[in-house]
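Asks: Following the hints, complete the assembly by docking chain B onto the known chain A.
Residue numbers (my numbering), protein chains in the order written: chain A, 1 to 408; chain B, 409 to 816.
Hints were generated in silico from the structure; no laboratory data involved.
We put the beta carbon where it would ideally sit given N, CA and C, even for glycine.
One should not assume that every hint holds.
Chain A stretches covered by chain B per the calculated footprint, using a threshold of three residues with CB under 8 angstroms from any CB of chain B [what the hints assert, rightly or not]:
{"#": "1", "segment": "63-69"}
{"#": "2", "segment": "367-379"}
Every beta carbon over 10 angstroms from chain B, so not counted as near; a handful from chain A, in silico [as the list claims (entries may be wrong)]:
{"#": "3", "residue": "Asp-234"}
{"#": "4", "residue": "Val-288"}
{"#": "5", "residue": "Lys-315"}
For lysine-lysine, the following BS3-like pairs were computed, each having C-alpha atoms within a straight-line distance of at most 30 angstroms [stated by the list, open to error]:
{"#": "6", "chain 1": "B", "residue 1": "Lys-667", "chain 2": "B", "residue 2": "Lys-720"}
{"#": "7", "chain 1": "B", "residue 1": "Lys-428", "chain 2": "A", "residue 2": "Lys-63"}
{"#": "8", "chain 1": "B", "residue 1": "Lys-628", "chain 2": "B", "residue 2": "Lys-599"}
{"#": "9", "chain 1": "B", "residue 1": "Lys-735", "chain 2": "B", "residue 2": "Lys-723"}
{"#": "10", "chain 1": "B", "residue 1": "Lys-723", "chain 2": "B", "residue 2": "Lys-471"}
{"#": "11", "chain 1": "A", "residue 1": "Lys-316", "chain 2": "A", "residue 2": "Lys-387"}
{"#": "12", "chain 1": "B", "residue 1": "Lys-724", "chain 2": "B", "residue 2": "Lys-471"}
{"#": "13", "chain 1": "A", "residue 1": "Lys-21", "chain 2": "B", "residue 2": "Lys-599"}
{"#": "14", "chain 1": "B", "residue 1": "Lys-429", "chain 2": "A", "residue 2": "Lys-63"}
{"#": "15", "chain 1": "A", "residue 1": "Lys-20", "chain 2": "B", "residue 2": "Lys-471"}
{"#": "16", "chain 1": "B", "residue 1": "Lys-440", "chain 2": "B", "residue 2": "Lys-631"}
2 protein chains.
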Amino acid sequence: MNILVQKFGGTSVANLECMKKVREKVLAGLSKGNKVVVVLSARAGETNHLLALASEWSPEPDKAECDALVSTGEQVSISLFSMLLRDTGIRARSLLGWQIPIRTDDDFGNARIRSIDSAALRRYLEEYDVLVVAGFQGCTEDGRITTLGRGGSDTSAVALAAALGSVECEIYTDVDGVYTTDPNICSTARKMDRVAYEEMLEMASMGAKVLHIRSVEFAKKYKVPVRVRSTFSDDPGTLVTQEDSSMEAVLVSGIAYDKDQARVTLHDLPDVPGTAAAVFGPLSEGGVLVDMIVQNTSLDGHTDITFTISRKDLKKTLELMNRVADKFGNVEVVHDLNVAKVSAIGVGMRNHSGVAARAFSALTQEGINILMISTSEIKITILIEEKYVELAVRILHDTFGLDWDIGC
Amino acid sequence: MNILVQKFGGTSVANLECMKKVREKVLAGLSKGNKVVVVLSARAGETNHLLALASEWSPEPDKAECDALVSTGEQVSISLFSMLLRDTGIRARSLLGWQIPIRTDDDFGNARIRSIDSAALRRYLEEYDVLVVAGFQGCTEDGRITTLGRGGSDTSAVALAAALGSVECEIYTDVDGVYTTDPNICSTARKMDRVAYEEMLEMASMGAKVLHIRSVEFAKKYKVPVRVRSTFSDDPGTLVTQEDSSMEAVLVSGIAYDKDQARVTLHDLPDVPGTAAAVFGPLSEGGVLVDMIVQNTSLDGHTDITFTISRKDLKKTLELMNRVADKFGNVEVVHDLNVAKVSAIGVGMRNHSGVAARAFSALTQEGINILMISTSEIKITILIEEKYVELAVRILHDTFGLDWDIGC
Numbered sequence: 001m002n003i004l005v006q007k008f009g010g011t012s013v014a015n016l017e018c019m020k021k022v023r024e025k026v027l028a029g030l031s032k033g034n035k036v037v038v039v040l041s042a043r044a045g046e047t048n049h050l051l052a053l054a055s056e057w058s059p060e061p062d063k064a065e066c067d068a069l070v071s072t073g074e075q076v077s078i079s080l081f082s083m084l085l086r087d088t089g090i091r092a093r094s095l096l097g098w099q100i101p102i103r104t105d106d107d108f109g110n111a112r113i114r115s116i117d118s119a120a121l122r123r124y125l126e127e128y129d130v131l132v133v134a135g136f137q138g139c140t141e142d143g144r145i146t147t148l149g150r151g152g153s154d155t156s157a158v159a160l161a162a163a164l165g166s167v168e169c170e171i172y173t174d175v176d177g178v179y180t181t182d183p184n185i186c187s188t189a190r191k192m193d194r195v196a197y198e199e200m201l202e203m204a205s206m207g208a209k210v211l212h213i214r215s216v217e218f219a220k221k222y223k224v225p226v227r228v229r230s231t232f233s234d235d236p237g238t239l240v241t242q243e244d245s246s247m248e249a250v251l252v253s254g255i256a257y258d259k260d261q262a263r264v265t266l267h268d269l270p271d272v273p274g275t276a277a278a279v280f281g282p283l284s285e286g287g288v289l290v291d292m293i294v295q296n297t298s299l300d301g302h303t304d305i306t307f308t309i310s311r312k313d314l315k316k317t318l319e320l321m322n323r324v325a326d327k328f329g330n331v332e333v334v335h336d337l338n339v340a341k342v343s344a345i346g347v348g349m350r351n352h353s354g355v356a357a358r359a360f361s362a363l364t365q366e367g368i369n370i371l372m373i374s375t376s377e378i379k380i381t382i383l384i385e386e387k388y389v390e391l392a393v394r395i396l397h398d399t400f401g402l403d404w405d406i407g408c
Numbered sequence: 409m410n411i412l413v414q415k416f417g418g419t420s421v422a423n424l425e426c427m428k429k430v431r432e433k434v435l436a437g438l439s440k441g442n443k444v445v446v447v448l449s450a451r452a453g454e455t456n457h458l459l460a461l462a463s464e465w466s467p468e469p470d471k472a473e474c475d476a477l478v479s480t481g482e483q484v485s486i487s488l489f490s491m492l493l494r495d496t497g498i499r500a501r502s503l504l505g506w507q508i509p510i511r512t513d514d515d516f517g518n519a520r521i522r523s524i525d526s527a528a529l530r531r532y533l534e535e536y537d538v539l540v541v542a543g544f545q546g547c548t549e550d551g552r553i554t555t556l557g558r559g560g561s562d563t564s565a566v567a568l569a570a571a572l573g574s575v576e577c578e579i580y581t582d583v584d585g586v587y588t589t590d591p592n593i594c595s596t597a598r599k600m601d602r603v604a605y606e607e608m609l610e611m612a613s614m615g616a617k618v619l620h621i622r623s624v625e626f627a628k629k630y631k632v633p634v635r636v637r638s639t640f641s642d643d644p645g646t647l648v649t650q651e652d653s654s655m656e657a658v659l660v661s662g663i664a665y666d667k668d669q670a671r672v673t674l675h676d677l678p679d680v681p682g683t684a685a686a687v688f689g690p691l692s693e694g695g696v697l698v699d700m701i702v703q704n705t706s707l708d709g710h711t712d713i714t715f716t717i718s719r720k721d722l723k724k725t726l727e728l729m730n731r732v733a734d735k736f737g738n739v740e741v742v743h744d745l746n747v748a749k750v751s752a753i754g755v756g757m758r759n760h761s762g763v764a765a766r767a768f769s770a771l772t773q774e775g776i777n778i779l780m781i782s783t784s785e786i787k788i789t790i791l792i793e794e795k796y797v798e799l800a801v802r803i804l805h806d807t808f809g810l811d812w813d814i815g816c
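Next comes chain A alone, as it looks inside the complex (with noise of 0.2 angstroms):
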């Protein structure tokens, strides 16, 4: 039995229109021989208005009942998918997270898929050729309903390919595919055939919202090949898969950007132990997420810590860095609001060097200074001034020979 999972998101099934686009796509993967399990989404804005319901109704609405009525949302567009299906004489039914069971643990509103009743999908795909499961649900072992938290009919999706083993997982968005970078900033973007896994994930954390984060590492855990294509145009889209010798010979596959940085810097810290922990600890209880941090070379025995983090966690991190600084004494604490990261990602980077200082050297020629640099194994992100992002990306993607077609 071959297997094929699609998914479609709130956009494709907003309205009737949108729906029967679906239905193309569902009976394309048909007329090649497969059985479909489509995963779809609530219809665009449902879920905002669902828990703009709950607020009204609760100042903190209780957490397993607004996994109760949200869930709501993805369980009216797969009824009438399969409605839209039957009537075009397809063997199909809609399968709420339940009904399989997709069990989560019970972290209401972020569960996270513990296991899916394979065996089940199997029976149900003996009898039907095509299964409209909800995503963004699951349930608890006790049989409350769930919810995966955002992105989570990505995840959804992912799961249920890799439940029913390694089937593909093709993700259909409004984009046809996952580009070397932002098409907006850089006219010479171009549409990628094959990203590896930890590429896209790479990517995903920097803010290229094509996939959600925790849909690329349960596909890389379970090896789960993920089509990235458009609902509204038949492009291929893009592959996103285990790397392969032919990733490798890129150096760099892809560049990606994120504004919403903020800098922070704690002047003339004691250099003792103890004192990393002392500025992010806080910060870490107080929920603030760190994205890049320096540390300089000891000097006279103090030091600097310089870090970026978002930029709405501003104030709150300030009022925490003061604090600290009060502690220490003689620490001045200063900010920068107009700071941005730029990245250029590559699991080439692995056997090559030099990557790094091709990249400092590009941005330096055209008078672009360097604030903070951060790298991994397959990652080189810098920290320059917001106003120079443009030019940054387009300077990175041209260095890294990304417009032009290397046939990879």
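Replies: Leaving out everything else, chain B in the frame of chain A:
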């Protein structure tokens, strides 16, 4: 453990303001030392909205998918109301049909309850003080969502009360009880304190729409005391219960009427075996519900058959009857839309003769011509010209002393 079942309809849960009134009723139930099982309908208008969506998506929506769609209405109500209760510090949770479970047959859209897991309900009641249950829904043995058809939430409530051992079931609505007749027609109509199941059944079948007939049948079968009362007052309402000697002492308990009647007569049918079957067989196959039937004594081997139907079925009925007439030859089909029926209902009739004669005589004295008569053990039904309906209701209400408070 004292358990109270309370059911609230769509207008009672229409918005936050209404749900706060519902919460007061639940708190009142708790304050008397009860655990409370609350059964809710979808918010007013929601079920119709979802059905309209289904018709937009499909000319003849798949029934099982339609049930999955429509059942979201109650799911929204129960999760919102549970949030509200939990905010008040009440140990409450929502329960969907499949979570209990409430098992039904697989007649989607009009399913019948087969069993309710009362042991599970009692376990939940150990942990929670209030269970907020979705009305109108259940699930099949193989876990598909079903709905119970019109008035289904009343049936859910009574069935839950029956499963929990005939605990009292309060049905909240926007009137404060069951009246001796329609107060809009008869200013001396009186709210009854008690009414027998049988009487309520006859009233429900006559279109007194306080309780759905299926829920009354269920209550009668399992001897569940049902109290009809208003969400918006403190009146104790009307108790629907088993008949007792005080009820039997009263000849007539209520007067009902129904204007949705059309009369059809077939003249000069051959009076031979099989004639009635030839007339009513096609009606039954065509889904036409026949109400009153009268066949006159045979005259020279020919007879007339007269019956009444709902006005919406008249066109279809005439088509079918003209075909029957053609088959027999020489048979004339006539019809009349200006008719209505009036009924006097009371378990006391069982032990008293002369009730029918009193009714006929009272109507005749006022010049009302009696077109058809049909009697059962506890009901006398009279077909009259529609223009006399209000007058006839007032005459019968007066004749049987229903405007006197006789303290039953």
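Asks: Compare the structure with the hints numbered earlier in the document and write down the numbers of the violated ones, lowest to highest.
Replies: Hints 2, 13 contradicted; others consistent.
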